[in-house]
Structures are given as structure tokens and as C-alpha cells.
Amino acid sequence: MDDLWYLAAAYASMIGLIGWFTWQILDRLSNVKARLDAVEDTLGEKDSEEIDASSEE
Amino acid sequence: MLAGLLIAGIGMVLGLVYAPSMSANSWNAPEAYRIIFWHVPAAWTSFLTFGMLFVGSLAWMGKRKEWGWTLSGIAAELSLLYGLCVVISGPIWGSAEWGVPWDWTDRRLNTYAVLSALALFLVLARRSQPDTPEFRDVYSGIGLFGFLLVPITYMATRWWQERHPGPIVGSGGEGSVDSTILSIWLLSFAGMAILMVGQAMVSAEVQKCEQRLAELQQRLD
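So the protein sequences, as listed, match chains A and B.
Anchor point for the first sequence: position 12 equals 12 in my numbering, and the numbering is continuous, going up by one each time.
Just add 1000 to wherever you are in the second sequence, counting from 1, and you've got my numbering.
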């Protein structure tokens, strides 16, 4: 029975490591994409404000 | 990534339920041996990632290629991941079979531990040091050195047969292995390799987005 505990511990650690790493890169990707979208939106608004201002002149 | 996880998962299940049992007379832990159905493919996958580290480091050192720098960063993280899988599962099996988790006189164990420690060093260094050309050169130099350890680690069990089981692939017939075990290993390895490529692609996408974000933020400022 002890034998099976060692087996379970080994697989649990490997699954945990691979799962954690995969989750954290996917999380990093969704975070950076959200930030990128926010900055692109802000820049888009800024650019259109600048275009409006120059056309009013 | 999902396909890789699925295939590696099937390999694990086959290793647990379908692979032949070991004789309790010749093994101290006849069930714990099933650890090898992920331990060995993880080691092979780590050799692939160290190969990627070598290519990336060489591309940066030789031609100052930006993709080389990106690749070496991704490869160091993946080398650490699969290296940790090996150095954690190995001692668990060692505890069950040998009664000790580590044998400091076994060169295979020690060279692989150095390889994994090197990956850890590279990951930590990249996160803590400023990105300068000098740092990139030192980092890539260490990445190149790390790859030299791969053949030494692989051949260690042939050159100095100590505690760790001998080489299986390319052993010239000495370390013959049951065909079922070999098939499950290859299946798990295929799964892990696909998973690793998927992880590398996502990491590359993260780096691309972070670079774009930095450029846009500069424009905002």
C-alpha cells in the first residue's frame, strides 16, 4: 500500500506542476491582452480627439 | 495544449492500468515503478527544451537575433518545469525502491540536478536583472554551457553505471525494455512534446503582447 502512496505523490506533484505552469501562462496571456486592449482603446480615443481638434482648427 | 495534455494523460492511465506488473521478488516497490511513465517522457521533453535553449542562445550570441533571445527565455522556463517534474518524481521513486531519495555518488542524478539548477538560475536571473546586451551575452553563454550537460547526463549511466537504471534508447540492446512499456513511454512523450510546444507558443504570444504594450505605453507617455 505504501508503494501506491509514493506513486500517487509522484503523479500528483507532476500534474500539479504542469497544471500550475499552464494555468499561469494562460492567465498571463489573458491579463496582458486585457491591458493591451485598454491601452489601444485609450490611444484610439486620444487619436480621434487629436483628429477632431485639428479638423476644428 | 489540450491535445498534448490528453495524450499524456492517456499515457499515464495506460501506465497505471495496462503496463505489465513487476515481480515483487525482484523489486522493493513493484507498483511505484509506474512513475516512469511520466518521469522518463518528462526527462526526454526537458532534453528538447534544453535543445531549444541552445538554439536560442546560439542565435543571440552568434547573430544577435531577437527571436533567439525570446526563445532562450521561453526554453529556460520550460526546462525548469520539465526538469522539476523529473527531480521531484525521481526521488519519490528512489525513496520507495532504494529507501533513499537521492544518491550523491550517482553521476546521472547529479548531472541532471545541475542541469535543472541551471534552468532555475536562468529563470531567476532573467526576472531579476536589467535587460542589457551584457546580461544577454552572459545568459546565452550559460544557456550554451547547459546544453553541453545534456549528452553528458544522457550518457552518464553508460559511462558510469551506478544506481540510476541504464540507458534504454540507443543502448545497443543492453538495456532492452518491454515493448509495451516503450510504447507507453513514446505515447506520453508525444503528449508532453505537443503540450510543451503549445506552452511555448502561448509564452511567445505573451512576450509579443508585452512588447506591444510597452511600445504603446511609451506612446501614451
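A few of these clues could be false.
As the list claims (entries may be wrong) - On the chain B side, residues computed to face chain A include the following (Cβ under 8 Å):
1. 1001
2. 1012
3. 1026
4. 1030
5. 1031
6. 1095
7. 1098
8. 1206
9. 1217
10. 1218
No lab work stands behind these hints, which were simulated from the structure alone.
Yeah, the Cβ is synthetic: ideal placement off N, Cα and C, and Gly gets one too.
Against the structure, the hints:
no.	hint	result
1	1001	6 Å, holds
2	1012	7 Å, holds
3	1026	14 Å, violated
4	1030	7 Å, holds
5	1031	4 Å, holds
6	1095	6 Å, holds
7	1098	12 Å, violated
8	1206	5 Å, holds
9	1217	6 Å, holds
10	1218	11 Å, violated
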